[in-house]
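Residue numbers (UniProt numbering), protein chains in the order written: chain E, 1 to 630; chain Z, 1 to 592.
Keep in mind that the hints were calculated from the coordinates and are not lab data.
Glycine included, every Cβ here is placed at the ideal spot set by N, Cα and C.
Hints are not guaranteed to be accurate.
[What the hints assert, rightly or not] Quick list of simulated restraints, FRET-style, between CB atoms:
| no. | chain 1 | residue 1 | chain 2 | residue 2 | range |
| --- | --- | --- | --- | --- | --- |
| 1 | Z | 487 | E | 42 | 51 to 59 Å |
| 2 | Z | 316 | E | 288 | 44 to 52 Å |
| 3 | Z | 132 | E | 288 | 31 to 39 Å |
| 4 | E | 546 | Z | 559 | 40 to 48 Å |
| 5 | E | 544 | Z | 507 | 51 to 59 Å |
| 6 | E | 312 | Z | 396 | 37 to 45 Å |
| 7 | E | 288 | Z | 40 | 44 to 52 Å |
| 8 | Z | 487 | E | 128 | 51 to 59 Å |
| 9 | E | 599 | Z | 559 | 31 to 39 Å |
| 10 | Z | 316 | E | 38 | 35 to 43 Å |
| 11 | E | 43 | Z | 469 | 49 to 57 Å |
| 12 | Z | 202 | E | 288 | 52 to 60 Å |
| 13 | E | 128 | Z | 410 | 55 to 63 Å |
| 14 | E | 53 | Z | 469 | 51 to 59 Å |
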Amino acid sequence: MKCYTPVIYKGLSPCKPHAIKSAVLQSEQVQYVIKQLAKELGESPDIIQEEATEILDEMGHRMQLGAVRFFAFTLSKIFKQLFQRVCVNEEGMQRLQHAIQEHPVVLLPSHRSYVDFLMLSYLLYTYDLALPVIAAGIDFLGMKIVGELLRRAGAFFMRRSFGGNRLYWAVFAEYVKTMLRNGYAPIEFFLEGTRSRTAKTLTPKFGLLSIVMEPFFKREVFDTYLVPISISYERILEESLYAYELLGVPKPKESTSGLLKARRILSDNFGTIHIYVGQPVSLRTLASGRINRCPYNLVPRHLPQKPSEDIQEFVSDVAYKMELLQIENMVLSPWVLVAAVLLQNLPAMEFELLIEKTLWLKGLTQTFGGFIEWPDNLCAKKAVLSGLTLHSNIACLVDGHVVLNDKGVEDGAVGEIVFRRALAVLMCATYRNQLLNVFVRPALVAIALQMAPSFRKEEVYSCFSFLRDVFSDEFIFFPGISLKDFEEGCFLLTKCDAIQTSQQEIYPTDKGSGTVSFLSAMFRPFVEGYQLIFRYLSKEMKEAFNEKQFIPGARNFVFQLLEKGSTQCYEALSSDMQKNALSALVQLGAVKRKKTPNGFTYNVNQEAVSKILDMFDARIPVQKPVAARL
Amino acid sequence: MQSHCFWGSEPGLGESSTLPWQELLKWNGWGYNDSKFIFNKKGQAEFTGKRYRLGGMVLPTFKEWIEKTFGASLEHKTTSRTSLNVNDVPPSVVNEEFLQDLRATKISYSQDAEDRVFRAHGHCLHEIFVLREGMFKRIPDIVVWPVCHEDVVKIVELACKHNLCIIPFGGGTSVSSALECPEEEKRTIVSLDTSQMNRILWIDEKNLTACVEAGIVGQDLEKQLAESGFCTGHEPDSMEFSSLGGWVATRASGMKKNIYGNIEDLVIHIKMVTPRGIVEKNCQVPRMSTGPDIHHFIMGSEGTLGVVTEVTIKIRPVPEYQKYGSVVFPNFERGVACLREVAKQRCAPASIRLVDNAQFQFGHALKPQVASIFTSFLDGLKKFYITKFKGFDPNILCVATLLFEGDREKVLQHEKQVYDIATKFGGLAAGEDNGQRGYMLTFVIAYLRDLGLDYYVIGESFETSVPWDRVLDLCRNVKERIVRECKEKGVQFAPLSTCRVTQTYDAGACVYFYFAFNYRGISDPIHVYEQIERAAREEILANGGSLSHHHGVGKLRKRWMKESISDVGLGMLRSVKEYVDPNNIFGNKNLL
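So here's chain E without its partners, still in its complex pose (with noise of 0.2 Å):
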């Protein structure tokens, strides 16, 4: 039998899961708190203290060898039948077994399934690594059986939201940072913070990170190791579930009998699963020069601290950074491709002409750096076939024509025909959506080509700028440097023949219009369906909203437009799609936000809305500073 002998961080001895809680509770900075907190309240410390007790037992890890040996055993079955390969960058995990002997992982996988932390953990613990503990969200506290096995697997668990209750965010913290301090364990945590119910990569979020990166700030580390993950699935095990949610179908609370019903999903096929390991990156190198400063020099380094604003912007720049590492590493399969391809032209396209375009478009996809899993001796015209079969749900090949699977009950009502249609893109969508961050400056510079008034170049980069400015919590960009992005993007347009640069004009070439047309219209869905909610927002919100009845409102609008068959935009019914156009509009200052007791409020400033659909439509220039040297 294998013997699971983990390496370890510079010979540390490992410590049993209580002797930590009980480091954690008696530790300074828990202690200042409830101090803090007593005196605020009123209260005998004691009181908080148990407080903080059981807020640290809802949320600790358990790990224990046994259930993880009874988990990795139920695991490997499982995942055997579920999945046909799991494939590993070898030298990524070899990489990271030295990382973790040296200096405390932070591990910072993708997220697209709940699958996710059980294959690392699977993983690690077949290559003999030291299980991390993962934050995961709270509900997997319903689960009954499953969150304890899970806790036993080395799972920790934090509220979605604690922003308010400072006693929970001391426990916390001072919980991920001894696990990371003492190196008992990987840290590992989600930077999207939720599973991304499309395939696209979600805008990180600060909070785990920046407690994370605590320790090195204060030098209580010599360094951390940051290692981003990329896990991508030929087929997304809750793919239908997901479509469900976005289109505003309640989604089943986790349960374990929920779980025990998913068996059936057990009897299907989901492919390969593709885990790439980065080069674990090194948050002293990233910081030096950074943080010249010692904020913590001159307060003890147990009190509570709001970061200053250089290390709020460090945080935010690394959290891209590492999600822009995630996305560069992400290994696309063939169907990512035909998916594209195939919503370019629904209802229905012809089979040898989806090959051809397929073949091509993977041919553009390894010129933007995208990192395509098919092997040289795998023709098109099979890669395009195994990909219908494993994606049958979705499309399938009848008469020589490929066609979208949306004929759920015949003869349906309109609206249920649209529901059905709208489902069958959306999933579609979740497969062509994971190559949008690959392509997203090309087809911004190709799109501002079109919207521009003139090939000017500064007229087409405002025009660029405005819709990265419009798209930024749509797509990842690096922030601030949309001059960079807007070279990379002509760059790569150059690299691929679709457009020439002059001193002053960037035009397209007449080999290239085929790119050019191909690139809007695959970011068309977004264009559009922005325009249809900004429209809704200016149109129909005269008065304050929140976000319950804004997501609703909005579906509701482009639900009646698609029934008329006024417009196409079947995308413009997620409510992925429609968040992320409001909090642009709130960025670009056209929407207020307001904090209210009962969450946020929003108030829509029409004038502006229109002025911004204006833009869109090219009916008004975009008005933007240019930067000075272009």
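We have chain E already, so just place chain Z on it with the hints.
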């Protein structure tokens, strides 16, 4: 009473009166000419001379330690040039009118190349390296030897009259590039050597003070005071060679500050000659409330404001009894926790120091072959502690050395209190000899660099002060940073990167680092060395440590002054300089 002069000459060997001081000292390295580490014909290490207890002894395991620690080999040797090449020395440029005026004062002076080079440097690594293999671009043009306060007044007046640059020189033990002449200085540079101002002017037994000329060297001061049954108790590691004026100018700290205080606690009155005139107080009182203490403009001014000529310093009766001690701790963390507790209870002995494992190993490597007082440290440990008390890993344990002083009964009582605390932190008493050896090594360790330089090993020490709660993090991070920087800069062998806690205070500690590496295969070792040292200092600052605890700023650490004391703080110092020395007569460019 045990000799407290274990660091220096045995009685009767103090030749400073029979031979000029300069002749006794190495021109291109640390300390006395006759004292150095060598490898004898059998290839064994030996320490020469009779000045130190280690003198004339063979150190059988030392060679192996060097080879193992640095990957150095006796076959690969570099040699310093044997003597100064006078032709390389920049010529002395001195205005004849000034020389005439100077002759009229009858103050002795010299334009001799060797005299000038001797005063062109301190003991930073790069300075010694230049002496061995190159030449300074700028050195003093003339050396003057005033013998009293009035002579200094005359020299400063002449300098003002002729617009010259004066650089005061005491013992020459600076490790902050403070003595280096600014290359761009166009004026004549006068090195004002205070060594002839070395008398004790008076001793006041009623108030326990002594007025001393500032050029006196530490060991002479203690020797002469001892004749009357007194001491100052101020013992910086450099005290064999450093001067009273130098201590004042750099804010020095002594090993036994727990009893006697640092220089700022010891000084009662200072007389300093500045271009503006003489600055001093009107009385010799223990404390006064007359605005900011002007002494604090002087202490740490590093020769930028004037020359300290006379100092009234506190004295104490020579202690009746001295006792060394040592404690072994299972690891550095426990050791630091114990020192913290000792500081908390305010029961620190005259000196308490904690060396990390690497320095413990180093001390072990310097164990002589014979001599019963050096009973084997590790062997004893192996037999008793390591086997008996598991967990004392010889590669992890660390040692604290102690020095108690006072009347016999109190010392014994005090000793018990400290050992009791140590026991609580897992410490085990490890005998007097080990303690004494530890302190002796402090003095001979300085000689080691010259040996290293012969075998491609360069090294240096640096220090900082840090709050208690950050001591461990700082030590670990700085050592690690040094190791990493060496690796990144292409140093082939892992460096020696080690530290010790040398002073305890109520609110923090002083930490001392030693750092050395084998530079074979590196074309510009000094540059690499300086980059690494700089990185280490950045690391110290980022960990909440100070720019310096007692070495001072000089020119080596100037770049961090603003960060250390804020813009306004720097402006305050500048405005003092501007008032006191508007023409920058004291132009060594230190500090600001």
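Original post:
Between residue 312 (chain E) and residue 396 (chain Z), does the beta-carbon spacing fit 37 to 45 Å?
Top reply: holds, 40 Å
Quiz item: CB of residue 599 (chain E) to CB of residue 559 (chain Z), is that within 31 to 39 Å?
Solution: For residue 599 (chain E) and residue 559 (chain Z) the Cβ distance comes to about 51 Å; the hint is violated.
Falls inside 55 to 63 Å, the C-beta gap from residue 128 (chain E) to residue 410 (chain Z)? holds, 60 Å
**OP:** With respect to the beta-carbon atoms only, verify the hint that residue 544 (chain E) and residue 507 (chain Z) lie 51 to 59 Å apart.
**Re:** For residue 507 (chain Z) against residue 544 (chain E), whose Cβ atoms are near 55 Å apart, the range 51 to 59 Å holds.
Status of the given 44 to 52 Å range, CB of residue 288 (chain E) versus CB of residue 316 (chain Z) | holds, 49 Å
- Message: 51 to 59 Å was suggested as the range; check whether the CB atoms of residue 487 (chain Z) and residue 42 (chain E) agree with it.
- Response: holds, 56 Å
**Item:** Distance restraint hint 52 to 60 Å, applied to the beta-carbon atoms of residue 202 (chain Z) and residue 288 (chain E)
**Value:** holds, 56 Å
**Q.** Status of the given 31 to 39 Å range, CB of residue 288 (chain E) versus CB of residue 132 (chain Z)
**A.** The hint (31 to 39 Å, Cβ to Cβ) holds, given that residue 132 (chain Z) and residue 288 (chain E) are roughly 34 Å apart.
Look at the Cβ atoms of residue 53 (chain E) and residue 469 (chain Z) and judge whether their distance stays inside 51 to 59 Å.
violated, 25 Å
Could you check the hint for me, namely that residue 316 (chain Z) and residue 38 (chain E) are 35 to 43 Å apart, CB to CB?
violated, 50 Å
Exercise. Does 44 to 52 Å hold as the CB distance between residue 288 (chain E) and residue 40 (chain Z), or does it fail?
Worked result: With Cβ atoms ~47 Å apart, the hint holds.
- Query: residue 43 (chain E) and residue 469 (chain Z), beta-carbon distance inside 49 to 57 Å?
  - Reply: violated, 29 Å
Checked against the numbered hints listed earlier, the structure breaks hints 4, 8, 9, 10, 11, 14; every other hint is satisfied.
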